Amino acid sequence: MVNLIKNRSLNELRGVIQKSVYERINVGNQNRILDLFNQRVFLEKTIDETITFNKKLTWDVSNQDLQLTTTAEELIEVFKLRSDVYIEIKYQNEFPDMIEGLNFDKYDKNSAIIYHKNDNEITSTVRVIFDSRNKLPSEGKFSFDYMREKYNTIGEISRLIVKSQTSGLNLDFKNLLKGVHGLFINNDIDITISGIKQEHYRLYSKFGGILVEKELDSYGELDIPFLIISWDPSLASKFFRRSFLG
Numbered sequence: 001m002v003n004l005i006k007n008r009s010l011n012e013l014r015g016v017i018q019k020s021v022y023e024r025i026n027v028g029n030q031n032r033i034l035d036l037f038n039q040r041v042f043l044e045k046t047i048d049e050t051i052t053f054n055k056k057l058t059w060d061v062s063n064q065d066l067q068l069t070t071t072a073e074e075l076i077e078v079f080k081l082r083s084d085v086y087i088e089i090k091y092q093n094e095f096p097d098m099i100e101g102l103n104f105d106k107y108d109k110n111s112a113i114i115y116h117k118n119d120n121e122i123t124s125t126v127r128v129i130f131d132s133r134n135k136l137p138s139e140g141k142f143s144f145d146y147m148r149e150k151y152n153t154i155g156e157i158s159r160l161i162v163k164s165q166t167s168g169l170n171l172d173f174k175n176l177l178k179g180v181h182g183l184f185i186n187n188d189i190d191i192t193i194s195g196i197k198q199e200h201y202r203l204y205s206k207f208g209g210i211l212v213e214k215e216l217d218s219y220g221e222l223d224i225p226f227l228i229i230s231w232d233p234s235l236a237s238k239f240f241r242r243s244f245l246g
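Counting along the sequence shown from 1, when you hit position 122 you're at 122 in this note's numbering, and nothing is skipped either side.
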């Protein structure tokens with residue numbers, strides 16, 4: 001019976017993926033078909049492992065609009081949103097789609113993927129990548145080995161995506177950071193790391209527990225000043241607690 005249920009779930013997953021992929025790609029030749037097949041296999045594996053990983057995490061379910069992704073449909077919507085926003089802000093060269101219209105990678109498999117909904121639509125998302133044998137994506141720019149010697153568990157905050165940017169503290173942004181804080185507190189992470197635009201540091205410096213680990217003139221294909229920062233959410237400031245947790 002367990003195997004039957006598992007097979008049925010995988011078939012449903014493949015149906016969601018097939019619909020999402022073939023709506024976006026026109027296949028023109030045999031090589032393209034083979035590439036698409038390999039990409040779909042990787043997408044299926046990514047979704048299956050990501051769902052399993054997220055279901056094992058401790059999460060506060062009191063806010064129904066702020067959730068961890070635990071279904072294939074949710075993940076597909078998150079991957080679509082990443083792709084749409086990165087195309088709009090011209091980040092595709094640094095963070096390319098694995099499949100046209102779907103932005104995901106190997107790090108999703110051991111990531112807590114958080115999303116926020118407005119009017120039943122996913123409008124923002126962020127992930128916290130738990131350190132693994134794959135290491136962390138920003139290590140292409142800066143090694144975190146010295147932090148592994150200091151902390152038992154480190155994680156990287158990445159793919160922070162908000163569909164509609166507004167001035168001030170966007171509601172989606174506030175909810176995502178609230179989710180990251182709760183995830184950190186409830187899942188035994190010792191420290192988080194992230195890459196941010198230098199111009200955003202003024203805001204992040206108010207969070208409490210923020211340290212600049214490295215200044216970069218650029219971040220890969222993004223030719224603008226970046227900072228690698230560490231954040232201990234357990235040291236959240238009065239500003240963060242009032243503005244994000246209140």
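FYI, nobody ran anything at the bench for these hints, they're computed from the structure.
Wrong hints could be hidden among the right ones.
With a cut-off of at most 25 angstroms between alpha-carbon atoms, the simulated BS3-like pairs for lysine-lysine come out as follows [said to hold, decoys possible]: (1) K163 - K135; (2) K141 - K56; (3) K90 - K55; (4) K135 - K109; (5) K80 - K117; (6) K135 - K106; (7) K174 - K163; (8) K150 - K80; (9) K55 - K117; (10) K80 - K163; (11) K80 - K45; (12) K106 - K56; (13) K135 - K56; (14) K174 - K80; (15) K56 - K45.
Since the structure is predicted, the reported quantities are computational estimates derived from the model, not experimental observations.
Here is what the structure says about each hint:
1. K163 - K135: Since the Cα atoms of K163 and K135 sit roughly 28 angstroms apart, the hinted pair is violated (cutoff 25 angstroms).
2. K141 - K56: violated, 30 angstroms
3. K90 - K55: violated, 33 angstroms
4. K135 - K109: Given that 25 angstroms is the threshold and the Cα spacing comes to 12 angstroms, the pair holds.
5. K80 - K117: holds, 14 angstroms
6. K135 - K106: holds, 11 angstroms
7. K174 - K163: It holds: about 14 angstroms lies between the C-alpha atoms, which stays within 25 angstroms.
8. K150 - K80: violated, 37 angstroms
9. K55 - K117: holds, 19 angstroms
10. K80 - K163: holds, 11 angstroms
11. K80 - K45: holds, 17 angstroms
12. K106 - K56: holds, 18 angstroms
13. K135 - K56: It holds: about 20 angstroms lies between the C-alpha atoms, which stays within 25 angstroms.
14. K174 - K80: Roughly 21 angstroms separates the two Cα atoms, so the pair holds.
15. K56 - K45: The hint holds at about 17 angstroms.
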